[in-house]
Each structure stands twice: as C-alpha cells, then as structure tokens.
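**Student:** These are the residues of each chain, in order.
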Amino acid sequence: MAVTSMIGARIQRREDPKLITGHGNFIDDVNLVNMAHMSVVRSPHAHARIRSIDTSAAMASKGVVAVLTAADFKPVIGGPLPVTNSFVADKKQVPEQFPIAADEVAYAGEPVAVVVADDRYLADDAAQLVVVDYEPLPAVMDIEKAMEPGSPLVKSDRPDNIGWDAAFPGGDIDAAFAEADVVLKQRIGQQRVFPTAMETRGCVADYIPYDNRCTLWTSTQVPHFIRLFVGGALGVPESQFRVVSHDVGGGFGAKLRPYPEEYLATAASKLTERPVKWIEDRTESLQATTQGRGQIFDVEVAAKRDGTLLGLKFTQLLDIGAYHGVFSAFQVVACLLGGGCYTWKAINARSIGVFTNRMSTDPYRGAGRPEATHLVERIVDLVALELGMEPAEVRRKNFITSFPHTNNFGLVYDSGEYAKSLDRAMANIDYPALRKRQEELRAQGRYTGIGFSTYVEICGLGPSSATAPAAGIALVESSMVRVHPTGSVTVSVGTHSHGQGHETTFAQIVADTLGVPYDSVEIRHGDTGDTPFGYGTYGSRSLAVGGMAIMASCHKVVEKAKKLAAHAFEASEEDIVVDQGRYFVRGNPSEAKALAELAFASYGAGLPEGMEHGLEAVSYFDPPNFVWPFGCHICAVEVDPETGGVSIDRYVAVDDCGNVINPMVVDGQLHGGIAQGISQALFEEVLYDDETGQMLTGTMLDYFIPTMAEMPHFELDRTVTPSPTNELGVKGIGEAGTIASSIAVINAITDALTPFGIKHVEMPARPDRLWSMIKEARA
Amino acid sequence: MITAPFEYARPRSVDEAQSLLNKYGSDAKVIAGGQSLIPLMRLRLSQPTALIDIQGIRGLNEVRRDNGSVEIGALVRHVDIQRNAMLRESLPILVEMSNDVGDNQVRNLGTIGGVIAHGDAAGDYNAVALMLDAEIITNKRRHQARDFYRDIFTTALEHDEVVTAVRFPVSTGRFAYTKFRRRLYDWAIAGVAVQETGSSWRVGYVNLATTPRRGSAVEAALAGGASAADAAAQSGSDIDPTSDVRATAEYKRHLTQVLTVRTLQKATMAA
Chain H
1 MAVTSMIGAR
11 IQRREDPKLI
21 TGHGNFIDDV
31 NLVNMAHMSV
41 VRSPHAHARI
51 RSIDTSAAMA
61 SKGVVAVLTA
71 ADFKPVIGGP
81 LPVTNSFVAD
91 KKQVPEQFPI
101 AADEVAYAGE
111 PVAVVVADDR
121 YLADDAAQLV
131 VVDYEPLPAV
141 MDIEKAMEPG
151 SPLVKSDRPD
161 NIGWDAAFPG
171 GDIDAAFAEA
181 DVVLKQRIGQ
191 QRVFPTAMET
201 RGCVADYIPY
211 DNRCTLWTST
221 QVPHFIRLFV
231 GGALGVPESQ
241 FRVVSHDVGG
251 GFGAKLRPYP
261 EEYLATAASK
271 LTERPVKWIE
281 DRTESLQATT
291 QGRGQIFDVE
301 VAAKRDGTLL
311 GLKFTQLLDI
321 GAYHGVFSAF
331 QVVACLLGGG
341 CYTWKAINAR
351 SIGVFTNRMS
361 TDPYRGAGRP
371 EATHLVERIV
381 DLVALELGME
391 PAEVRRKNFI
401 TSFPHTNNFG
411 LVYDSGEYAK
421 SLDRAMANID
431 YPALRKRQEE
441 LRAQGRYTGI
451 GFSTYVEICG
461 LGPSSATAPA
471 AGIALVESSM
481 VRVHPTGSVT
491 VSVGTHSHGQ
501 GHETTFAQIV
511 ADTLGVPYDS
521 VEIRHGDTGD
531 TPFGYGTYGS
541 RSLAVGGMAI
551 MASCHKVVEK
561 AKKLAAHAFE
571 ASEEDIVVDQ
581 GRYFVRGNPS
591 EAKALAELAF
601 ASYGAGLPEG
611 MEHGLEAVSY
621 FDPPNFVWPF
631 GCHICAVEVD
641 PETGGVSIDR
651 YVAVDDCGNV
661 INPMVVDGQL
671 HGGIAQGISQ
681 ALFEEVLYDD
691 ETGQMLTGTM
701 LDYFIPTMAE
711 MPHFELDRTV
721 TPSPTNELGV
731 KGIGEAGTIA
741 SSIAVINAIT
751 DALTPFGIKH
761 VEMPARPDRL
771 WSMIKEARA
Chain A
780 MITAPFEYAR
790 PRSVDEAQSL
800 LNKYGSDAKV
810 IAGGQSLIPL
820 MRLRLSQPTA
830 LIDIQGIRGL
840 NEVRRDNGSV
850 EIGALVRHVD
860 IQRNAMLRES
870 LPILVEMSND
880 VGDNQVRNLG
890 TIGGVIAHGD
900 AAGDYNAVAL
910 MLDAEIITNK
920 RRHQARDFYR
930 DIFTTALEHD
940 EVVTAVRFPV
950 STGRFAYTKF
960 RRRLYDWAIA
970 GVAVQETGSS
980 WRVGYVNLAT
990 TPRRGSAVEA
1000 ALAGGASAAD
1010 AAAQSGSDID
1020 PTSDVRATAE
1030 YKRHLTQVLT
1040 VRTLQKATMA
1050 A
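Sequence order for the protein chains is H and A. Numbering-wise (the numbering used here), the first sequence opens with residue 1 and increments by one. Numbering-wise (the numbering used here), the second sequence opens with residue 780 and increments by one.
Do not take every clue at face value.
Simulated crosslink set (DSBU-like; lysine-lysine; CA at most 35 Å straight-line) [claimed, not checked]: (1) H:Lys-593 with H:Lys-556; (2) H:Lys-145 with H:Lys-593; (3) H:Lys-304 with H:Lys-185; (4) H:Lys-436 with H:Lys-775; (5) H:Lys-775 with A:Lys-1045; (6) H:Lys-185 with H:Lys-759; (7) A:Lys-802 with H:Lys-62; (8) H:Lys-436 with A:Lys-1045; (9) H:Lys-759 with H:Lys-397.
With the C-beta cut set under 7 Å, the calculated list includes, among others, these residues of chain A facing chain H [claimed, not checked]: (10) Met-780; (11) Ile-817; (12) Arg-961; (13) Arg-962; (14) Leu-963; (15) Ala-1026; (16) Thr-1027; (17) Tyr-1030; (18) Val-1037; (19) Val-1040.
The set of hints was computed from the structure by calculation and includes no laboratory data. Treat the numbers as computed from the prediction; the structure is a model and nothing was measured. Just so you know, even glycine gets a beta-carbon here, dropped at the ideal spot from N, CA and C.
Using the sequences plus the hints, can you model the full thing?
**Tutor:** Here it is as structure tokens:
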C-alpha cells in the first residue's frame, strides 16, 4: 500500500488542472437568478466636504433599481468598519469609518453612493449621472508634513493626524551606543505598493428577507472574519449568515479584512430585495483596495571597529492612509524584528502612524518583516562598508547562534542555523569567483554588484498568548476530520487558500497521518456553512497553525480507530499497532484492518459499550509560539552607468522553512515571493500628486508590475531546520521570498555603485534615479 | 472598466465608412484593431457615440511594392508585418520595430493604420513614417508624414477621413531600432530609429515629445561628418520630452543621446 510518505512528496497541485484550463470558480463566476449589479460612485477628491448628492438623473436612468447614499445605509448598517486594537501605544487615535462617506471624503476613491441596476453596464452608465457637489479641502499627502503642528487635517473632526505613537524599548540603548567605535545614520524608505492580486475584489450578496438569512460570496482570505463583522453589522446572526469564498485569485494581505463594498452590497441586497453583485474593476482596485508599505525609517546604528553590532535606534513613520486598515497596526512588527538575525545589546524603536489623504495601508505579503529585513540588512552593509569589512563577515560575526533565542523585545526565535544558509548560498553562487569577476569588470568600466540578505522572519500567527494582548484576537485555527463509512475523508478547515495549494498539501498531511490514500481525502475551505470557525489565511500561518489543527483531529480519529480495532480483534487497546493506516495486534501484522474497515464498523452495530457512532473529530490548535523561517539570498546585478538600467545576472536563494510538505509548492511560493520583492526593489511605486491627492499610477499602464521577462532565473536551494514548536516541524514560506528579496537587490545595486562613492539606494531603483545619483557622484 | 454606450457599424467599403462618419458626426470614431482606442474607452477617457469598424473592408490589408515604394494597407497587422518576407527585404526597419510592438495579443490585433491614425508619439511606426518621409493615404487625400503629426494625439486627419494605406520608400540601407523600457511590454521611455538612405542617415525619435520627432539636427551633424557621439549631442533640439511616471525629462534627454550613439553603432556594426 503506497499510501505513506506523502509528506515531503513533490506532487503536482490538485487544484491546477481546473485553474489552468479556465474551470475555476472565481467571484465573477457566481451568478444568481434576478441578480442586480452594483456600481460604486467614488470621490474624485482626496479631501472634500460633500455639500449635496443629487441622485435623480441616475435614478431615472435605464434599468436602475436603486441609487443609495449614506443616508440610506445608516439605518441598515449598524456601526463602523472594525479595526483591531493596535499594539499597545502611548498614544492612539482610532477614528471610526462608516462604509460610505456621509459629509466628508478623506481619500480619492472613497465611496459616496452606489447604483444598483439590472446589469453592470447600466449601473456604470447611471453612476456617471450621480451629481455630487464637493467643496474641496486641503489634502495632506506627505507623512512628515502631516505630523507638523498646524498641518491641515486629514479629516476635519480629528485633533491631529497621528494614529499612534508607540515606543519599543529593548535594552539599555545609551549603554550600547556608549561602547561604539562607529555610529552611522541612514534614512531608509519603503514606498507604497499595490498588492495587485490577479483577481480583483468582488462579492455577491443574497439577502432573503423573510428568513433574515443571507449568503455573501466574496473573494477573501478570511471568510469567517467577514461573517463575524458583516453579519454583525447587518444584524444577521452567524447561524443565518453564510460567507462563501470559492477559488480566490490571490490576496497578498489585501483581502484579509471586511471592506466597505461587502457591507454595501449586502445592505443593498436587503434594501432592494434582490441578489446584488459587485465586481471591482482594476482602476477601482488601485484606488480602493488596501496598499502595502508606505513607510520611512530613520535609523542609527552603533558598532565596534571589529564589526560587532551594539545598538540600533530607529523610528518607523508609517503612512496609515485616511483611516486605519483593519490590521494596519500589525506593520509595527517591523520594530520588533528590526534586529534581524543578529545579537544586539539594545534596540530602541518607535513607531508613529500618520494619517494622510490616501487609501489605507494594511498588511501586504510580509507585512512588517520585509521592512525589518530591508532596514537591518541595509544597515549591516553600511557598517561593513564603513569598516572595510566583507558584508558576509559582519553578518557571520553577529549571527544568533543558540536557540531558542529571546530577542531584545522578548520574542523567542524557535530554531535556526543562519551561518549554514549563508555558507550554502555563497557556495551556490561561487562567491569568490563572482568577486574576482567584479574586479575585472570594474577595470573595464563595468559595474557589477553582489547583495546579501540574511533574514529571519516571524510567522505562523499566532499563539493566543501573544496575539490576544496585542491585537485583541486569539489566532488559533480549526479543523474537522470526518471519515465516511467507506473510508473517504472530508477535512474542513478554518483557513482559506487564496492560491497556496492547501487542497494538495493538507491532503498530503492527512493521507500520511491517517494512513489513507491521498486521493480519498477531500479538503473543504472557504464556506462558513461547511467549516468550523477559523481566522483564515495570512501571516504564513495555514500550515504551522491550520496544518497542526488538522494533525490534532487526525490523531483523535486514530485514537478512536484504535479502540475500534481493539474491539474487533478482541484485544487490549495498548496492544494495537498502527502502521501506515493498518491496525493490527502486536506481533500479528498479517491480520490487519484498514482504516476504511474500521470506519465502516464505526457506523454499524455492535460498537464497544459506551462508544458513540461515527469516526470524526474537531480540533482547535493554539500554537505555543510563532515559527521563525530564515535563509540567505544573494543577488548579482550589473548597472549600466549611462542609462541607470539594472540587470539581474544571478539570484540565489537558500531558504529554511523547517520540514517541507511539498517541495514544489514551496518553490512556487518562493518564486512568487521573490518576484514581488524584486518588483518592489526595481519597479513598483504608487504615486499620488502631492498637491491634488490624485493618483498618478491609476492604471496598469502607469504602474509597473514586471513580467516574467524582467525576472531572473531563481536558483533555489534549502536547508531544513525543523521547528521544535509543532509536531510537523514546519514553519511558513508564503512570505519569506518577499521578506528576503528586496534588500538583496538593493544591496547588490549599492555594491555595484560603490566606486562612485554611493552608499545607499532607495526603492524603486528606477533607471532615472540611479543615473542622476551617478551623475551627481561624478560631478 | 466598462465603456460608455455607443453605436456600432461595420461598413463594407471605404465610401460607406465615410458616409457613416458623416452621418454620426464628429463624435464617431474609426476602429480597426482597437488596441489603443478600447483601453481609452474602457477608462471612459474616450466616449465616442459610434464606432465605425473598418475591419470588414476588403483590400486594406495588402502589402505592395512598386517604383521604389512599399504600400502597406491600413488593416495590415503587426503580426503580418513581422511575417512579411517582402517587407523584410524592402523595409526591414519596420519589421524590426513590429517585433517589439506591445505583446503578442497587441501584435495579433493592432494595425499599422491604427497606429498612424492614432498619431501617438509612443507608437513606434510613427517615428519611422516621419523620418522616411512616408505618405499617408486616406479616402480623401495623400498626406506627407512631415505635415501629418500636429500635436498630442492630433493628426491632420479630418473627422470623415479614413487612413487606407501608408507608403514608404524602399529602404534597404543599414538600420537599427532601440527601445528603452522599464518592462518588455511597456511604452518606450525613449525609442531611437536610424536608417541609412544612400549616403545619409535618417533618425527618428519615439515618445520624446507630444508628437513623433525626426532627428533633423542629428542627421545634419552626421551629414557634416560628425562622430556618432558629437551628432547625438545635437539631439536636444530634436526632442521635447516631459517628466512622467516613467522618467524625468532631464533623464530622457540624456538617455536619447546615449541611445542615439548606441543605435548608430548597432546599425553600423550589424552591417
């Protein structure tokens, strides 16, 4: 019976035949009888007072069912959008956001009215006829200007533009700096970027008035979370409110919150007594889906002449946008991880969240850890440059080497072997040869560079003991494993794949743990009517937390199956051996029962006294700690000093995510993750006009998402250091590629430009930006 | 996004197209491959009341060579240019350009007539039409390319005028085209085309002003015996770039010089 060792098997994803042949079931594939379509009228102004809204012409337009504004929604939607409690802050301002603006808009793209019509074309036509009389107000677009006393306000009812101001003291920073031979300062930016899922957002709401029952299909990472909040606001109990999310075409963190449109479509369905569909178009998506990063770090580092790192001080200025993202405060984790994989005497961080007249920022792939890695890896290179040391040597000298390691903020790194991944990556790229070649090329006037990124990240969110005090929610995860009478298995989970391949990897875990054929295991997720409550998929948590919840249920099933086997063999339970799904009495493996036989028995007559029928289990898993993937990426680039163009010659990555369930899925995550980090380093940047608050990158023509043609070949390798905190020994890999890669590229570019005296390069490293830096350096 | 409502007509002849344009008035637009117009309509930046789809008109998709010229029908698509053996002989620079227009989808649908009529400074063929003194043939007249491009997205075409063909001189001298982009499938930050005609060089610039530009100053310098670098230094008076999300104007001016030198070197080394 070749049913074992699915864990670790490089098998193809079972999701893919459907998805790559166009048979997926995405949000726009949901069509209901009598369905109406919603179009959202959005503010063209970054900041304005709404004097009046005239809906009469739109209402008279062909096929229009309703034109609704805040006044119509107020009686139906109870309360504002949720905001998780932010990390404990010395100062905190959490303004309420109702899903649709009533009197004042605070970002271009904020909903002011919706049109519901018989089809999408008619809805869009009528939306153009809604006349909104705005009184433009000054827009606050710059983080630092917004912080100044007397700055115009992002919204006129607020005392100032500060969303939070939190200090993170980690040790005696003055003592650390007092020992320093060198102290360096650097400002490091993190430009705003679009998460840019291939599938934009969208939802279909079907409210049934007579039963006060509602189904909401939506493209999300967190169906249960949506049910909790949208159902709650609409006054529909969870038992009556079902959220369904079929295939989701990417999320990257931007689909892990309830959005205004989900409330509006549901309320519109209630008000019009018709199913209502809303599909976000790409232009809307760029305006109205949360964005990532948008931060400035002012960093100061203290080190000894021998390369020993002593102390790190930094302030994170974070562009919140007009309203808090639901999880925007999570990005403060950059402060707690700012020390990277190094030992520090002290770190002192401060985070200031600043409101501006833009769309909210919220977690985007990595959420806080790419920023932390970017800052510390940049700083380590600056120290190396200042001291005339090899970048790899400064890293090696300061690596954390014993585990578990408690960092300056009390977070406990579970396991790691940082020097090993560095060594492996340097060997894979043949570092000495690369350096030699660099010297030769420099003599010919060619500028190549090598960039390191040795990273550690925190994921597997998260233990309730840590997340509940910080964010007010216990990020446990759930599963239900049900073995049917003839042995097939249904596994329902509270996590929700939006491209990660859970249907494959979770089935691999179940096949091994229960000892059943892989093909007999079905994974269900994304439908709150069909799955136990769960917190969804983000923070690279689905395996380390959700996977463990599945293991726990499988163990319960095995325990019961052992009892059933003992009964069948008339043996004592202690004498039952389980081997690859076969149950037998110790010493007699030839007379064995398969799990399917025991399952059949469990639904039949003659069970042991007191045993309930059936073979199923529900489990919730609360992890004892986070998990801490790590690795080393090395990038080799060439910069054309005449054009500022950058070409990536090599990209080597050695990642360690503990035990691997499916290497192909891990490689896929790394490909996508690395691409997104490279993309931030070289291409992407959300630009707004500073004066008017208008978005300048409002179409995919002007926002630079690279294609495969711009990506190098990824040379992947890994080490395996299991996490001691969970039975699977797994960590997470969904975000690691993005966390590591932006700084590998930037450090390589900076290295290439060292002969010009250039020490620091900001993202994105646009050709014109590099060219003018070189020009200034030459002057 | 979804376009505003519009009428749609599919004439069978150029005459019928013209009368439809007269019927619907100045808010009607001719459409062929739609690779420029439809994106604008989807953003509702363009809201024509009627689309006159000329793709059903016969005879507009031919390529002919006679008397030292090649005449390319308005409906000839990028992919047709890529695969046309006669053009490879007679006007290789256009074939070279066509390989680099948009992506496969764009090349399968977009037409040369569409590029010309749209008059976009970023449309690669417009620069080559200008620098080679091409003739733009419509249902009403023949335009000299040098008088055709008036302003941003503005040509000499009247509203009832339909481009039917473009006539280029056969150009078999050394040539090269360089397009500097941030992404493979992106507009050029700067594009430079060079073509040797007889003993002189023609130079064309893509996306470096509101209209396509001819490198007249560079051409003159080359004719006067200047080196590629010295000639390229004259490019500043041939172009008028602006800063945008792709690059600053200052950078574009610099880049144009660099690319002019490199493109001339490419052309001469390839020979």
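**Student:** Which of the numbered hints above does this structure break?
**Tutor:** 2, 11, 19
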